[in-house]
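Protein chains: 2
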Amino acid sequence: MGTKIIIPNMVTLSNLLLGIISLNYTMNEQYTVAAISILLAMMMDGMDGKIARKLDVASNFGKQLDSLCDLVSFGVAPALLVYGSSLQAIGPSGLIIALIFALCGAIRLARFNVLDINDHFIGVPITFAGSLLALAVLIASRLPLSVLFFSVFTLLLAYLMVSNLKVPKY
Amino acid sequence: MGTKIIIPNMVTLSNLLLGIISLNYTMNEQYTVAAISILLAMMMDGMDGKIARKLDVASNFGKQLDSLCDLVSFGVAPALLVYGSSLQAIGPSGLIIALIFALCGAIRLARFNVLDINDHFIGVPITFAGSLLALAVLIASRLPLSVLFFSVFTLLLAYLMVSNLKVPKY
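Chains A and B supply the protein sequences, listed in that same order. The working numbering puts the first residue of the first sequence at 1, with every later residue one more than the last. The working numbering puts the first residue of the second sequence at 171, with every later residue one more than the last.
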């Protein structure tokens with residue numbers, strides 16, 4: 001182990017960094033860059049586990065860190081991104097929709113950590129849901145996507161995260 | 171157990187809600203309300219565990235959910251609050267300081283979940299560090315606190331979270 005264990009955890013922390021940077025871009029109303037930051041975080045998130053297993057330093061600490069970072073990058077950051085770029089047009093209901101997405105993401109992650117099933121997922125992973133939301137915001141910078149679309153899409157993804165849908169691992 | 175288990179988890183989720191609401195206030199440059207939201211989240215955070223133990227429904231799910239919500243409410247929300255209200259005056263270095271605070275918070279939480287020590291804490295708890303930062307921002311709305319003060323204070327709290335300081339549980 002030794003210093004090798006630091007490498008995958010650095011990748012995980014860069015996922016968190018990108019999530020916070022996305023939030024900061026959302027604050028500055030730079031929604032396209034905010035969406036791209038989330039998609040970059042998704043790439044980091046796909047790498048950390050693989051690196052850890054390859055270096056044979058997969059740890060419980062790494063798993064815990066990973067799900068903490070995931071809530072920020074794929075729960076909170078996309079929720080505030082979709083609220084800032086679209087849902088705030090409908091006022092408090094828009095904020096409630098964004099909050100529901102983040103809450104369902106937190107429930108999904110806590111449930112996943114407790115269930116500890118290894119061959120499939122129960123409910124759509126938060127990484128997938130958050131990245132899809134970011135992708136939709138990115139598409140909306142080119143194509144007109146209505147607030148109604150974003151409301152329904154956000155709620156649907158929130159539901160799918162806490163649903164009992166069996167999702168195969170790839 | 172039954173439906174009683176829902177009650178403490180609802181309190182935990184309200185902690186997350188307040189964290190996201192704080193981020194939203196920070197986005198709107200309403201720093202005082204953003205700071206108050208974090209302090210309210212702190213109260214919720216003090217209650218959930220007690221309620222769970224009193225109702226005898228303390229669960230691993232609840233513990234996981236709690237630390238996920240803590241990273242948002244006491245790591246990311248205070249970091250962006252202190253950046254928005256003060257540190258952004260010094261540009262990218264200010265953002266880096268805020269990011270270090272959130273990263274150390276994530277490491278603190280992941281380490282705490284893995285160590286699972288029950289009679290004391292190793293390192294200052296993120297709830298305490300995040301609330302102190304929010305309190306400082308609140309005070310700064312009345313008293314002039316310099317960017318230098320916030321830079322040093324934020325880095326000090328970040329360090330204390332990942333330090334090996336033994337903190338008694340109260």
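No wet-lab data here; the hints were simulated from the structure. Note that beta-carbon positions come from the ideal geometry of N, C-alpha and C, so glycine has one too. It is possible that some hints are incorrect.
[What the hints assert, rightly or not] Simulated restraints on C-beta separations:
1) A:Leu39 x B:Ser311: 34 to 42 Å
2) A:Phe128 x B:Leu285: 26 to 34 Å
3) B:His290 x A:Met10: 25 to 33 Å
4) B:Ile260 x A:Asp116: 42 to 50 Å
[Said to hold, decoys possible] Only part of the chain A face toward chain B is listed, based on derived beta-carbon distances under 7 Å:
5) Leu13
6) Ile20
7) Asn60
8) Ala110
9) Asn113
10) Leu115
Here is what the structure says about each hint:
{"no.": "1", "hint": "A:Leu39 x B:Ser311: 34 to 42 Å", "in the structure": "37 Å, holds"}
{"no.": "2", "hint": "A:Phe128 x B:Leu285: 26 to 34 Å", "in the structure": "31 Å, holds"}
{"no.": "3", "hint": "B:His290 x A:Met10: 25 to 33 Å", "in the structure": "29 Å, holds"}
{"no.": "4", "hint": "B:Ile260 x A:Asp116: 42 to 50 Å", "in the structure": "44 Å, holds"}
{"no.": "5", "hint": "Leu13", "in the structure": "6 Å, holds"}
{"no.": "6", "hint": "Ile20", "in the structure": "6 Å, holds"}
{"no.": "7", "hint": "Asn60", "in the structure": "5 Å, holds"}
{"no.": "8", "hint": "Ala110", "in the structure": "4 Å, holds"}
{"no.": "9", "hint": "Asn113", "in the structure": "5 Å, holds"}
{"no.": "10", "hint": "Leu115", "in the structure": "9 Å, violated"}
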